[in-house]
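With chain L's structure known, arrange chain X on it following the hints.
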Amino acid sequence: MLKREDRPFIVQSDSTVLLDERHRDAEAARQSLSRFADLTKRPGHVHTYRITPLSLWNAAVAGMSADEVIGELGRYNCYELPQKVTSHIRTLMGRYGQLKLIRGEDGLLRLRGEEKLMEQLMAIPYLAGMLNESGDGERIASPEMRGALKQELTRIGYPVIDLAGYRHGESLNVQMREVTRGGKAFGLRDYQKRAVDMFYCEERMDGGSGVLVLPCGAGKTLIGIGALSRLHCDTLILTSNVTSVKQWRQELLDKTTLGDEHIGEYAGKAKEVKPVTIATYQILTHRKQKTDEFEHMRLFNERNWGLIIYDEVHLLPAPVFRMTADLQATRRLGLTATLVREDGRETDVFSLIGPKRYDMPWKALEEQRWIAEVTCSEIRLPLPDGERSTYEEAAGVEKLRIAAENKAKTEAVSRLLERHRGKPALVIGQYLRQLHEIGERLNAPVLSGELPHAERERLYAGFKSGDIPVLVVSKVANFAVDLPDAAVAIQVSGSYGSRQEEAQRIGRILRPKTGENAAWFYTLVTDGTKETQFARRRQLFLLEQGYQYEVTKWEKPLLGTAGGELEGMGAN
Amino acid sequence: MDETRKRIECLSPNGRQTLQSLMKQFGMLPFRDEQLLRHVHPGCSGAEYRLGLIELELAGLLKSYRKGWGDKVFMMPGAQFRRCWREVYPTLHPIAVDESTLQFSLDAIEEESPLPLGERLMHGVAELVNCGLAQTSKGSWPKRTIEKVVRALAMKEYDLAQLKLAAREPSCPLPYALFLDFALHEGWLVLEGRDCRLETRRLLSWLNQTQAKRESALVAFWTDQYAAAVPSLANAAAFVFGWPALQWCSPAHLEERFAMAIFDWCRLMTSLGWMEKAVTLGGQHVYRWVVDLGEATSDSAGPPYAQIAPDGDVFVPREGPQYAAFGLELIARRVSSDVVGVYRLEADPLRKAAESGISGERIFTFLNQINGEAVPLALVMAIEGWMSEGSGEMRETAKSRTFDALLSKNENKECPAPAAPEDRPVVLPHDTKEMTELRPSDPAALFQGLDSVPVTWRSQMRQYHPSTRRELVERALIWRTAVKLNIRGQAVPFIPDKLVEDEEGWRVTGDLSLDGQVERTLLAPHMWDEMMLVIPEFTKY
Numbered sequence: 001m002l003k004r005e006d007r008p009f010i011v012q013s014d015s016t017v018l019l020d021e022r023h024r025d026a027e028a029a030r031q032s033l034s035r036f037a038d039l040t041k042r043p044g045h046v047h048t049y050r051i052t053p054l055s056l057w058n059a060a061v062a063g064m065s066a067d068e069v070i071g072e073l074g075r076y077n078c079y080e081l082p083q084k085v086t087s088h089i090r091t092l093m094g095r096y097g098q099l100k101l102i103r104g105e106d107g108l109l110r111l112r113g114e115e116k117l118m119e120q121l122m123a124i125p126y127l128a129g130m131l132n133e134s135g136d137g138e139r140i141a142s143p144e145m146r147g148a149l150k151q152e153l154t155r156i157g158y159p160v161i162d163l164a165g166y167r168h169g170e171s172l173n174v175q176m177r178e179v180t181r182g183g184k185a186f187g188l189r190d191y192q193k194r195a196v197d198m199f200y201c202e203e204r205m206d207g208g209s210g211v212l213v214l215p216c217g218a219g220k221t222l223i224g225i226g227a228l229s230r231l232h233c234d235t236l237i238l239t240s241n242v243t244s245v246k247q248w249r250q251e252l253l254d255k256t257t258l259g260d261e262h263i264g265e266y267a268g269k270a271k272e273v274k275p276v277t278i279a280t281y282q283i284l285t286h287r288k289q290k291t292d293e294f295e296h297m298r299l300f301n302e303r304n305w306g307l308i309i310y311d312e313v314h315l316l317p318a319p320v321f322r323m324t325a326d327l328q329a330t331r332r333l334g335l336t337a338t339l340v341r342e343d344g345r346e347t348d349v350f351s352l353i354g355p356k357r358y359d360m361p362w363k364a365l366e367e368q369r370w371i372a373e374v375t376c377s378e379i380r381l382p383l384p385d386g387e388r389s390t391y392e393e394a395a396g397v398e399k400l401r402i403a404a405e406n407k408a409k410t411e412a413v414s415r416l417l418e419r420h421r422g423k424p425a426l427v428i429g430q431y432l433r434q435l436h437e438i439g440e441r442l443n444a445p446v447l448s449g450e451l452p453h454a455e456r457e458r459l460y461a462g463f464k465s466g467d468i469p470v471l472v473v474s475k476v477a478n479f480a481v482d483l484p485d486a487a488v489a490i491q492v493s494g495s496y497g498s499r500q501e502e503a504q505r506i507g508r509i510l511r512p513k514t515g516e517n518a519a520w521f522y523t524l525v526t527d528g529t530k531e532t533q534f535a536r537r538r539q540l541f542l543l544e545q546g547y548q549y550e551v552t553k554w555e556k557p558l559l560g561t562a563g564g565e566l567e568g569m570g571a572n
Numbered sequence: 001m002d003e004t005r006k007r008i009e010c011l012s013p014n015g016r017q018t019l020q021s022l023m024k025q026f027g028m029l030p031f032r033d034e035q036l037l038r039h040v041h042p043g044c045s046g047a048e049y050r051l052g053l054i055e056l057e058l059a060g061l062l063k064s065y066r067k068g069w070g071d072k073v074f075m076m077p078g079a080q081f082r083r084c085w086r087e088v089y090p091t092l093h094p095i096a097v098d099e100s101t102l103q104f105s106l107d108a109i110e111e112e113s114p115l116p117l118g119e120r121l122m123h124g125v126a127e128l129v130n131c132g133l134a135q136t137s138k139g140s141w142p143k144r145t146i147e148k149v150v151r152a153l154a155m156k157e158y159d160l161a162q163l164k165l166a167a168r169e170p171s172c173p174l175p176y177a178l179f180l181d182f183a184l185h186e187g188w189l190v191l192e193g194r195d196c197r198l199e200t201r202r203l204l205s206w207l208n209q210t211q212a213k214r215e216s217a218l219v220a221f222w223t224d225q226y227a228a229a230v231p232s233l234a235n236a237a238a239f240v241f242g243w244p245a246l247q248w249c250s251p252a253h254l255e256e257r258f259a260m261a262i263f264d265w266c267r268l269m270t271s272l273g274w275m276e277k278a279v280t281l282g283g284q285h286v287y288r289w290v291v292d293l294g295e296a297t298s299d300s301a302g303p304p305y306a307q308i309a310p311d312g313d314v315f316v317p318r319e320g321p322q323y324a325a326f327g328l329e330l331i332a333r334r335v336s337s338d339v340v341g342v343y344r345l346e347a348d349p350l351r352k353a354a355e356s357g358i359s360g361e362r363i364f365t366f367l368n369q370i371n372g373e374a375v376p377l378a379l380v381m382a383i384e385g386w387m388s389e390g391s392g393e394m395r396e397t398a399k400s401r402t403f404d405a406l407l408s409k410n411e412n413k414e415c416p417a418p419a420a421p422e423d424r425p426v427v428l429p430h431d432t433k434e435m436t437e438l439r440p441s442d443p444a445a446l447f448q449g450l451d452s453v454p455v456t457w458r459s460q461m462r463q464y465h466p467s468t469r470r471e472l473v474e475r476a477l478i479w480r481t482a483v484k485l486n487i488r489g490q491a492v493p494f495i496p497d498k499l500v501e502d503e504e505g506w507r508v509t510g511d512l513s514l515d516g517q518v519e520r521t522l523l524a525p526h527m528w529d530e531m532m533l534v535i536p537e538f539t540k541y
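Taken in order, these protein sequences are the chains called L and X.
What the first sequence shows, in full-length UniProt numbering, is residues 1 to 572, in sequence order.
What the second sequence shows, in full-length UniProt numbering, is residues 1 to 541, in sequence order.
Please note that a few of the clues may not be correct.
[As the list claims (entries may be wrong)] Cut-off 25 Å, straight-line C-alpha distance, at most; resulting in silico cross-link-like pairs (DMTMM-like, lysine to aspartate or glutamate):
id, chain 1, residue 1, chain 2, residue 2
1, L, K399, X, E389
2, L, K41, L, D343
3, L, K399, L, E555
4, L, K84, X, E384
5, L, K84, X, D159
6, L, K553, X, E361
7, L, K41, X, D348
8, L, K553, X, E346
9, X, K277, L, E80
10, X, K213, L, D6
11, L, K41, X, D338
12, L, K530, X, E384
13, L, K513, L, E418
14, X, K277, L, E68
15, X, K277, L, D67
16, L, K475, L, E457
17, X, K213, L, E555
18, X, K213, L, E5
19, L, K530, X, E346
20, L, K553, X, D264
21, L, K399, X, E346
22, L, K84, X, D338
23, L, K399, X, E384
24, X, K498, X, E530
The set of hints was computed from the structure by calculation and includes no laboratory data.
Here the structure is a predicted model, which is why all the values come from computation and not from measurement.
Chain L with its partners taken away, still in its complex shape (with noise of 0.2 Å):
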C-alpha cells in the first residue's frame, strides 16, 4: 500500500507475481522469476507468474536459498514485499533438506531428520505404517516404500532429498550420431545439451530424475535420446500414442548407433520387448474389464531398466503413477512441454518422477530462431441463409455441428492457401464429411483415424518431402506427429478438448524455417452460432500462452458469387 517505485512487476500477497514485459528490466525480472516461479499465462503485456510449493522445492533443489528468492523479489518489485509472501518463502524453503532418504549398507531405506519433526510424521497414521523406529533422527522403510514415502511426504509439504542412489540397469553400448543415418549433419542443440546436463547431474547425489520442460517444437525426443545415450543403459520409453511411438523409433534409429534389433515397439499389435522399448500409455492401462489387473504393466519388470523416459508426462494416467512408485530405483526423465496437469498432480510428478531440473522459456527458443515465430487468426464467417435457418431449428450438438460444417469455410481455406501458396500447410478438422470435401476441393489427401498406420506413414513422408503440400487431417494430428516443415496450420472444426490438444496443434507448426520462420495458425468460426464460445475459449488459452492472436470478418459475400476478400487482416 506504500509508495511505489518504477520496477518491472507487483507481487501479491497470494504469492502471484505480475510482470509488466514492456518494462526496461523485464527481461531481467523474467530470468530471475523463472528460476523460483512458473509462469502461469502471458497474454498481453501483463504475465502472470506464481510461487508454489513445487517451484520454490525445484528452486532449492537448483541450489537457491530463501534469502536470495526474497532478495530477487526485492529487487524488481513494485512495493514492499507482504510479509505473507516472505513468510511463505522462508517456511516452505526451509522444509527443503530437512528430510533426507539414504539407503543402508542392509539395503534398507534410512529417512533422516530432525527428531521433532520425525515425530510430527510418526503422529500420522499412513506414514507411520510405513516407517519403524530406528534411532534418534531416524526411521527405517523397506526399499518398495520409497515412492510411496516420497510421494505422501511431499504431499503433506515436506519435500525429500532423494539419496538412496540408483542402480545403473542393463548395459548398452548406444551413442549419438554425428552424421545422421540420412546423411545430415547432427548434433544437440546448445540448449538441449544443457538439458541433459541438467537432467544428469552428475556431481549431485540426487540427479539423475527429474522433469525436463520445453515448449513445443523444442526437440524433447533428441534431448531424450540425448539422456539415453550419455546413461549407456536400458531404456524404457513411454509416449501418449502410437504415431509419437513411430516417431521415437525413427529418431533413434537417424540419431543413434541403435539398429532394428535393440529397439522394440510395445504399441497397438507389437509386443517387442528390446533393450530399447517404446510403449504408450494406453496399452499399460489398458484391462479388458475394470475389474482385471492392468496385464501390461509387467513391462516395467521385463527388463532390467536403467532409465524410463515418460513422453509428455503432464499425461501420465493414475495407474502408471502406481507403479512409478515401486520404481524409484530406477532412473526417470519426463518431458514435458508445461507442467500444469488438468488432475492438479503436479506434486505426484515432483515427488515420483523428479523435480524440475530445467524450463526452456519459449520466448527464448522464438528469440534464438529454434522455433518459428507464430501469428494465430480467427476468422469469423457468416453462416449462409440457407444453412441458417437450419442451425435455428436444430439443437444441442447438432447445432455445433451445422456450425462447424459451414460450406463457406471451404472457399476460405481456399483463399488462405492463395495467400500462403508454396508453404506447407495443414487443414485440421473434426467431421470426416467436411474434410472429404475440403479435400476434393482443394485435391489434397485426407489423412483421418480410418487409414492404416502404413498408409498415414506414407502420407506423412510425403508430405515432409513436399511432394504432398497441403495435407488435410482428422483428430489423428492432435498426437505427437513430426511434421518439420508445415508452416500454416488452419482449423476448420475442433473437437473443443484440453488446453493440451491446442498446445499440440501449435507445435506442429513451430518448428523453426529455412528461410522467413514464420508460421500461420487459422481457427475458421461461423459467426452468431456456439462455436464462437468455444473459440473464445481456444483464444484464452492461447493468449494465455502469448501468442499474438487476431480476429477478423470474412466480408465475402455468400457462396456463389465472385469477389470478396479477407477484410481487416492485421494486428488488434
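Just chain X, lined up with the frame of chain L:
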C-alpha cells in the same frame, strides 16, 4: 508549528496535568467535573483541576456541553484527542522489533490477508447498487441487501465487540451500521425518507484519491470516532496511530492494562487490513502498519486507470484512483483484491449488466476510458456476443443510472460538505447532536463567596482558634482547594477531602505533601500551628 502543539506548550503545569488525567480516565467520553475530581493526581487539588478545565476550554482543547437541563459535561473531540496524545506523551514509544527475530508458521501464512477496509467499503457500495438501493416499505433495509453488503465488508464481530458500540436500529448488524455511518458521513449515500440516493460525485471524489489517502483517512476516522466508547481503547488507538509505517512494534514494556488495550486495538486494525501481525521467536506478538498515516499529499494519477488484457483480465493498481474498480464491480467478476485488483470480463456478469439496462456502447466507452487505448478487438467481439445473450430489454435501474453517472465523471472537486444525517446509524457516546455547547466558565465562579472571607485567610499564615480553623477547612472543602499548614515549623500543603466528627471533636482527612511525598492523613486541629487557604492562580490561556 502544529497548532495543537502550540496550545499545549502554552498550558500551565496545572493545565497539562489536568489534560493528562482526563485523557487517561475518559478518553473521548463526555464526563462531569465531579467524575474527573475522583481521579485527581495525588498532591493536586480539585480546584486546580477545575481551573485546569477552564484553561483547556479557553485553549480550545476541550469543549463543554449541556443536554437539556442535565449536567454540564466536558468532552474532547476525537481528532483533537488523537493530536493531543502525541503532545502529551511525546516520550512514549513502542519497542522497535527487528524482522530477523520473527518466526513464521505455515498456518499463519495460509490465513487470508484481510483487504484494507476502504476496498471493502467500495465493494459494499457496489453490492448496494447491485441490489437496487431500495429500502423496504417500512423504511428498513432488505435482508438480502444487508447480507450481501455485510459479506463484502467481512468484518469480524469478535473484533468489533471491543468497541462496545451498537447500531441505532437494533435489528441492524453492527458492520452494516458502520458502513452506513461512513457512507452518510462522506455523503455518498443520501437518505431522503424511504429513498436512498447514491451521490456519485462524492463517491467518485473519494474513490479517486490515492489508496494511501483513502485508507489513512479511514484509520483516522475509526480512531477518532469508534474508539470513543472505551477510554483505554481511545488511548491505545491514539498511541498506535503514531507508530511508524512498516516498523514492527511491541508495547509489551508498557503498563499491563494499557498494553492489553493496545493489543486489542492492533488486532482490530489487522482485521481491517491496516496492520500486520507477527510473532517473535520469544512468542511475543508484534504489529506493524501497512498504511502510511503520514500526510499523504500526492495527487491521484490520471488515466489509464487500468490495464485490459486480451483474455479479459483487467488489472487495477490499488494505489491509484478506484474509478475503474468501481465501474468494474458493476460489470465484471472480481478475481482478486490485492496490491493489484484483478477483474475478469466474462459472460455472466456482462449478461447481468445488460439485463440491468447497461448498454454495450456504454460499457465500451467505459473500458476505453479506463484502458487509455482501444480494447483488443477479440475481446470486443466476445463482449458483444455475451451481451447479446442478455434479455435485450433496455430499462433504467439504479445500477444503470449509477453506471451512467460514473461515465459522465461528473466529479466536482468542490463538492459542498455533506449534510449531517438525522441520526447516525451507530450510537456514539460523544455524539453532541442533542447537546448545547457552552462557553467556558468564569474562574471566579469556582470560589463563590471569596470576597466574603477575610483576606488574611488566603494571604498569610496565621494562628487561628479551632473554630476558625474549622471554618477555613470547610471553605477549602467547598472550594475543593488546599490549605497550607505549619507543622513543626514546616509549611506543608494539605488537601482536605472530608471532615469527621466524633466524641473527641472534629478532624479532617486529606492528602498531605511532605518532602515530595503525598500521604493520606487524618489531622486534628491541634496538630498544626498556623494555616492559610490556598487559592490557585488562574493561568489564562
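Hint check results:
1. Between K399 of chain L and E389 of chain X, the direct Cα distance comes to roughly 17 Å. Compliance with the 25 Å bound is thereby established for this hinted pair.
2. Distance check on the hinted pair: K41 of chain L and D343 of chain L sit about 18 Å apart at the alpha-carbon level, within 25 Å; holds.
3. Taken as a hint, the K399 of chain L and E555 of chain L pair is honoured in the structure, with Cα atoms around 23 Å apart against an allowance of 25 Å.
4. Our distance criterion of 25 Å between C-alpha atoms is broken by K84 of chain L and E384 of chain X, whose separation comes to about 40 Å.
5. Our distance criterion of 25 Å between C-alpha atoms is met by K84 of chain L and D159 of chain X, whose separation comes to about 21 Å.
6. Annotation: proposed proximity of K553 of chain L to E361 of chain X holds, straight-line Cα distance about 20 Å (limit 25 Å).
7. Taking the CA atoms of K41 of chain L and D348 of chain X, the gap is about 22 Å. The hint holds against a cut of 25 Å.
8. With a CA separation close to 21 Å, the supplied pair K553 of chain L and E346 of chain X stays within the 25 Å bound.
9. With a C-alpha separation of about 16 Å, the suggested pairing of K277 of chain X with E80 of chain L holds against the 25 Å cut-off.
10. The hinted pair formed by K213 of chain X and D6 of chain L meets the criterion: a straight-line CA distance of about 20 Å does not exceed 25 Å.
11. The suggested pairing of K41 of chain L with D338 of chain X holds, with an alpha-carbon distance near 18 Å, which does not exceed 25 Å.
12. Only pairs whose Cα atoms come within 25 Å are accepted, and K530 of chain L paired with E384 of chain X is accepted, the gap being roughly 14 Å.
13. Distance restraint check for K513 of chain L and E418 of chain L: the Cα-Cα separation of roughly 19 Å lies within the 25 Å cut-off, and the hinted pair is therefore satisfied.
14. For the proposed pair K277 of chain X and E68 of chain L, the alpha carbon gap of about 24 Å is at most 25 Å, so the pair holds.
15. With a C-alpha separation of about 21 Å, the suggested pairing of K277 of chain X with D67 of chain L holds against the 25 Å cut-off.
16. With a C-alpha separation of about 16 Å, the suggested pair K475 of chain L and E457 of chain L falls inside the 25 Å cut-off, and the hint holds.
17. The straight-line distance between the Cα atoms of K213 of chain X and E555 of chain L is roughly 52 Å, outside the 25 Å bound, and the hint therefore fails.
18. Proposed proximity of K213 of chain X and E5 of chain L is supported: the alpha carbons are some 18 Å apart, at most 25 Å.
19. Pair hint K530 of chain L plus E346 of chain X holds up; C-alpha atoms about 16 Å apart against a cutoff of 25 Å.
20. As the CA atoms of K553 of chain L and D264 of chain X are separated by approximately 62 Å, the hinted pair breaks the 25 Å bound.
21. Our distance criterion of 25 Å between C-alpha atoms is met by K399 of chain L and E346 of chain X, whose separation comes to about 23 Å.
22. Among the hinted pairs, K84 of chain L with D338 of chain X is consistent with the structure: their alpha-carbon atoms are about 12 Å apart, no more than 25 Å.
23. A distance of roughly 21 Å separates the Cα atoms of K399 of chain L and E384 of chain X; the hinted pair therefore holds under the 25 Å criterion.
24. With a C-alpha separation of about 20 Å, the suggested pair K498 of chain X and E530 of chain X falls inside the 25 Å cut-off, and the hint holds.
This entry does not satisfy hints 4, 17 and 20, going by the numbered hints stated previously.
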